[in-house]
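> In case you want the letters, here they are:
There are 2 protein chains.
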Amino acid sequence: MASQSNRKITLKSRPDGYPKLSDFELIEEPIPQPGEGEVLIQSIWLSLDPYMRGRMREGGTYAPSMELGDVMIGSAIGRIVESRTSLFSVGEIVDGAIGWQEYGVSDGSNLRRVDPSLGPLSTALGILGMTGMTAYFGFLHVCDPKPGDTVVVSAASGAVGQVVGQIAKIMGCYVVGTAGSQDKIDYIINELGFDAGINYRNEDVAQAIAAACPLGIDVYFDNVGGPVTDAVMENLADFARIAICGQISQYNLAEPELGPRNIRNLNIHKARMEGFLVFQFADRHEEGRQRIARWIKEGKMKYKEDVVEGIENAPAAFIGMLRGENFGKLLVKMSEE
Amino acid sequence: MASQSNRKITLKSRPDGYPKLSDFELIEEPIPQPGEGEVLIQSIWLSLDPYMRGRMREGGTYAPSMELGDVMIGSAIGRIVESRTSLFSVGEIVDGAIGWQEYGVSDGSNLRRVDPSLGPLSTALGILGMTGMTAYFGFLHVCDPKPGDTVVVSAASGAVGQVVGQIAKIMGCYVVGTAGSQDKIDYIINELGFDAGINYRNEDVAQAIAAACPLGIDVYFDNVGGPVTDAVMENLADFARIAICGQISQYNLAEPELGPRNIRNLNIHKARMEGFLVFQFADRHEEGRQRIARWIKEGKMKYKEDVVEGIENAPAAFIGMLRGENFGKLLVKMSEE
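Protein chains in written order, with my numbering: chain A, 1 to 337; chain Y, 1 to 337.
Careful, some of the hints might be misleading.
Cβ pair distances, simulated, as ranges [unchecked claim]:
#, chain 1, residue 1, chain 2, residue 2, range
1, Y, 283, A, 300, 37 to 45 Å
2, A, 325, Y, 283, 46 to 54 Å
3, A, 110, Y, 283, 46 to 54 Å
4, Y, 182, A, 62, 36 to 44 Å
5, Y, 190, A, 22, 52 to 60 Å
6, A, 62, Y, 257, 25 to 33 Å
7, A, 29, Y, 201, 27 to 35 Å
8, A, 59, Y, 257, 42 to 50 Å
9, A, 14, Y, 216, 22 to 30 Å
10, A, 234, Y, 90, 43 to 51 Å
11, Y, 201, A, 69, 41 to 49 Å
12, Y, 215, A, 59, 16 to 24 Å
13, A, 59, Y, 201, 27 to 35 Å
In short, the hints are calculated from the structure, not lab data. Backbone N, C-alpha and C define an ideal beta-carbon position, used for all residues, glycine too.
Build the full structure now, drawing on both the sequences and the hints.
See below:
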């Protein structure tokens, strides 16, 4: 089952605008050997996420940039296949930042044991992992939602957006999602129970958001930025709360984009806009994980994964995600469970 | 002393861009007579404030717009000269929204008794009035400042900015102000004790702010918006807090201005941007008023007023303020105290 070599994807060149396949390099090398106190992990599932784009640029953001030649950073779920530490045993399943490669070595300090009873292993990277925790804490803690709030979620069918919208529905909010295809809109309304959906690619977003939110927007969970966010800013309710989770529409621009100056709306509506990172809530992730796992078991929450097979297909899938082509949480299946 | 007629300024036409003198009309009419239950107030001091510009446009903001022909709205300190209610006696000094006119009638519901022992009457409109309370609550409650914070204040010599900067100094912050002339910069540094000042009219604001705030900006109290705010957004410290008090650079534009999309900085720095209005803290204004009055008496706080004489000069002074030509809290002296 396991290959006899380790295949990995490295950063070959820094993208100018959207990444190209030639910005990545597939390298095959011997499987690394764990030293004393280390473990060898075979990757099963690799998570592909928008934040990785930021780490490809020079200068870093909230974390250092990758250097050219580095393995692409990323979290994976894998199995301990060799252990030279008493901390982990062969066969255990862990979540670790081993990057885009089939095998990784770790001293255990950055590994989290995965509880397989909570759900399928892949969910430990998605709805029960970083993206689920981002949704749970970003929405419930940063947005301070109240039942009856009008909630807008951008990238609503994405890994984070689908969870935000479902939590909002569970707690009695009116939920409007934006997404980039009719399939996605149908999904969030018919499968996830959103009240309305707006296809930002073929609707006048400003008009559609105003029409969908006649009482104004109390909460906006923003994954995209750009014109969708502009439209929200013109339709805020008093005391609105905006969580800035991501700004994917801006990540692949060679030059910063111009947009209307609209901060004044925060003043007029006594509204708050707040950026956050999921790590801020690290000491409480277990709470969110257990709550979401319960909702899934109770049938109150669904999730959608978009699975690609094989490390060699990760770059194209990642580029597609940055263009909004994924449908649900994007994962690379690296080996059999 | 009192004139035998009431002179008032009305809104003649809605400004397109910066207001012009011809947008205002000076009307002379008989002094109004208070009805049963009402008082007649003779204005002593009239406050001119940027928010008035918003009320001149069509469609309103957080409050309804003025209609053409309406007396320009505004707060004044005046003396009760006739009373047909038991609530107020002739001779009492009140703060009331009687607008840009020499005499106003009120049923008392919108009047606040002024305590002359707290300071000169004019201060009831400035540092001990709406602008002082805006500074006190906007800074201390919205910005959540900590000693040692790097604090940037825009329009730092203005009615609100000068108070924000001085409170920040009292509590041990490092304070940088922006203003539009060397006189104003000299004033905030030499008289008010700011640590640094940046003249946005003749310095590269982005470079100057980065240089003045090497540890990043923890708190930004924004009165202006535009390029000063852009520069701050590129120099945020982690967990920065931004209070949006005003956006005067944007109030006189016929079309919304474009600026760089920079919300992503809130995400990277887990930062918060929040708009507020002074009315939100109305139930606590007395606390702020007494605290600031004490600081003034203790010599810990100064204030600067920019006084114009006579209602007929209010329109030009107001237009000048929107262009940043005032130096300190702008007041019109309407009659002798």
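> If you check the beta carbons of residue 325/A and residue 283/Y, does the distance land in 46 to 54 Å?
52 Å, holds
> Between the beta carbons of residue 110/A and residue 283/Y, is the distance compatible with 46 to 54 Å?
49 Å, holds
> Given a hint of 37 to 45 Å, does the C-beta separation of residue 283/Y and residue 300/A actually sit inside it?
Holds, since residue 283/Y and residue 300/A (Cβ atoms, about 40 Å apart) stay within the stated range.
> How does the Cβ-Cβ distance of residue 14/A and residue 216/Y compare with 22 to 30 Å: does it lie in that range?
25 Å, holds
> Is 42 to 50 Å right for how far apart the beta carbons of residue 59/A and residue 257/Y are?
28 Å, violated
> Kindly confirm whether 36 to 44 Å is satisfied by the beta carbon distance between residue 182/Y and residue 62/A.
At roughly 38 Å between Cβ atoms, residue 62/A and residue 182/Y fall inside 36 to 44 Å, so the hint holds.
> Taking the beta carbons of residue 190/Y and residue 22/A, is their distance inside 52 to 60 Å?
59 Å, holds
> Should the hint that residue 29/A and residue 201/Y are 27 to 35 Å apart at their CB atoms be regarded as holding?
Given a distance of about 59 Å, which is not inside 27 to 35 Å, the answer is violated.
> Note whether the CB distance of residue 234/A and residue 90/Y lies within 43 to 51 Å or breaks it.
Since residue 234/A and residue 90/Y have Cβ atoms about 49 Å apart, the given range 43 to 51 Å holds.
> The hint says 27 to 35 Å between residue 59/A and residue 201/Y; measuring C-beta to C-beta, is that right?
30 Å, holds
> Look at the Cβ atoms of residue 215/Y and residue 59/A and judge whether their distance stays inside 16 to 24 Å.
18 Å, holds
> Kindly confirm whether 25 to 33 Å is satisfied by the beta carbon distance between residue 62/A and residue 257/Y.
Distance hint for residue 62/A, residue 257/Y holds at roughly 29 Å.
Hint compliance for this structure: hints 7 and 8 are not met, and every other hint is.
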